[in-house]
Structure formats: structure tokens, C-alpha cells
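As you go down the protein sequences, you meet chains S and H in turn.
Residues in the first sequence are numbered from 1 upward in steps of one, following the numbering used here.
Residues in the second sequence are numbered from 250 upward in steps of one, following the numbering used here.
Derived by calculation from the structure, the hints in this document are not laboratory data.
The model shown is predicted, which means the values in this text are computed figures rather than measured ones.
Any given hint could turn out to be false.
Claimed, not checked - Within a straight-line C-alpha distance of at most 30 Å, the following computed DSBU-like cross-link-like pairs (lysine-lysine) qualify:
(1) K386/H / K401/H
(2) K376/H / K129/S
(3) K376/H / K143/S
Chain residues, written in single-letter form:
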Amino acid sequence: MKDQLYKYLLLLGDNSMILGHRLSELCGHGPNLETDIALTNISLDLFGQVRSYFKYAATLKEGETEDSIAFLRFERDYYNTILVEQPNKDFAHVIVRQFLFDAYHKPLLEQLMNSKDETISAIAHKSIKESKYHLRFSSEWVKRLGDGTEISHQKTQNAFNTLMPYIEELFIETPLELAMKNEGIGADLNLVKASFDKTMSDVLPSANIETSDIKLRKTNGKSGFHSEYLGFILTELQYMQRAYPDMSW
Amino acid sequence: MVGLLENITDENLKAELLKITDPEIPVLTVFDLGVIRKINVVDKHVNIDITPTYSGCPAMDTISMDLKVAIESLGYTANINLVLAPAWTTDWISEEGKKKLEEYGIAAPLTESLDKRALIDGEPIVKCPNCSSTNTKLVSQFGSTACKALFKCNDCLEPFDYFKCLK
Ligand SMILES: [Zn+2]
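Input sequences plus hints: build the corresponding full structure.
Next up, the structure:
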């Protein structure tokens, strides 16, 4: 049970961590100052949430710390979904990836607010407030880009075509998630899915985006099977800790 | 929030604690900001519970360190605990603190429903801290720190920060 809870915290934290890293890559590279600041602010919120999850996880396993959990795992021991690994191909991809994640993350946190585990519930109560702002930001941009110029529309539709296939695994319960749900600790992904679908039907028509023909893909990042991208992310993310073990500044 | 200090008999300690401010908004003491949840002094040991404003707020580490240094400089030992529940809300910023924010040039948080109207529907409600006009416009939902949004005044043309309502 303790082992399962530990792994579940990593699963919750890893999505925020890898997406937070992707967004941090944009620091100083956003399309304009306001958007640059917004995306790095979202990144900071996500890293803050990760710290809470990993700090808690470290109390459950002898010898681990917040930092060792973040930096010293191998690729197969990360449980984030494939969606958040996807690169910052263009601004439309950045926004659409964020939108799909926020539409999943907000109802997930709403569920976790009722978790029987007090710490998870406290982290969710804290994070939900931030997540609402993120979803507001990303859905406004999806509408603006999707319903904007011919080019912005085409780029946004392309981003949905590329990224939408990865949403399937968000809602497929792994044995770990099932066990956590049954304990009253984890979220019910069917309810998360219902809320996700509602966000899609609220936002996509006014963004002029069509997703009904997009075929979903079977991926399983949550069990540690990743795309090639994660290896490259970890190479950069872990470099300092691997080169100078236990360094700090 | 200053009520937290009532049980402290050492006036020097009280004075030192009241000097600790938010490193990013130095006019606000940590008591104005409402992040101090509990203070317990037993003999020469001080126990303080603080709660973060935003999850990733880097100011929290600085505030914890500042508290520790201030307390230890008076010969006490200090223990600063970060507590997550109940989650901080902008309602915990004191009235005094809101006044200081305005004077500092940051528009103070509105109520939840007004905040939504200002940030989503773009209704001109947020008051310019420079000229008091409400003819203002949202530039970006995210500002220079996690807790702020960026606005611009249509009358005096000054850009300014708005402290977002967090509930
Ligand atoms: Zn003005």
C-alpha cells in the first residue's frame, strides 16, 4: 500500500514536471513578452506542485529526497503521459498541448480534493486554483488562434491532429490508478473524462476546430513506456545532478 | 493577523518578526500577506507555521530563511513548517496590506466574481493605482510574479500590476 501510494504520487507529479520542463524551455523564447511570462509562470506553478508531491513521496521511501526523485530516476521509472513530452514545435503546439492537459488536470484535481489522503487533498486544494487560471489562459488562446487568420487556424488544427491522439491514455485506468481509486485516494478517471469532454465541446466549436476524425493512439507513458523525446528531456534535466552529485546552489 | 503575536511576551522578538517582508513586495509584512498561520514560543524555541501563496512561489524559501535568521539572532532556536492546508486565499491579505499594495502601485485583489469579470470578460473594474481611473485594460493574465496580472490604464497610460484574486 505504501509502495503503491509512492508510485501514485510520482505518476501525479511526473506530468507536471515534464510539462513544466517543456514550458521552461520557452523562457526567453516566447512569441512576445506577455506570453513568455505567462508560459513560464505556468511552468513555475507546475514545478511548485511537483515539489509538494515529491516532498511527500520522499517521506514514504527510505533514502529518497525531493531532488533524488526528480533527478535520479531512469527513463522507465517516470510515469508521465506521452502528451506532455511532445516538443514545442510551434506556438500552436504549445497552446494545444497546454489546453489538452489543463482540460484533464483541472477535473483530476477536483477529484483529488476529496482524496482520503490528507496531503494529496491539501495539494489538490492548493493546485486547483492555479489550474483554473491555466485552463482559462489556454482555452482563450485556442479560441483566438483557431478562429483567427487562415494560417493560425491551420496551425492550430494541425496541432490538434498531432496531439489529440495522445489523450487516450489520460483516461485509461492503470492497475495502480484502479487500486488508488478503490482506496478512496485516487481519482475516478471516468468523471475526469466527462469533464474533459465538456470542455472540448464548450471550446472547440468557437475555435472552429474539428476533432471527430482524429484517431486515438494506444500509448502507455503511465506505465513507463515513453516516446524518444523523454530521453532527450532527461539528458538535459538530469545533467547537473549526474555530473555533480548532490550539488546545490 | 497581528493577533498571532499577542502571546509573545518578548517585545524584541515581536519587533523582529514584524520586520519580515515579502521579498518581491517589500512593503508587505508577512503578517499583512497572511502567510503566517501559527506562532508558538516555548522558552527559547519558536515554532512557526507558514503557508505558500502559490505552489511554486520562490519567495517562500526566502521568507522561511529570513524568519529563521531573525529569530536566531535573538538567541532563540527556530522551526519553520510549511503547511498546505487550508490553502491561502487573497482574503487573508489584511486591510492594512491592501492599502499598502495600492500605495506601492499594485492594484489590490477584487472579489472573486469581479475578478472573473475583469480577467475574462475584460470589464473595466480594476482601479489604476496611479490615477484611480477604472478605465483600464487587461494586458496579460500573468504578470511579473505568479500572483499578479498585467494591466494598463487607458487614461494616464501607465502599465500596472494587479494582485489576482485567489480563492
Ligand atoms: Zn491611470
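Here is how each hint holds up against the structure:
1. K386/H / K401/H: Status holds; Cα separation ~5 Å.
2. K376/H / K129/S: holds, 23 Å
3. K376/H / K143/S: This hinted pair holds, its Cα atoms lying about 28 Å apart.
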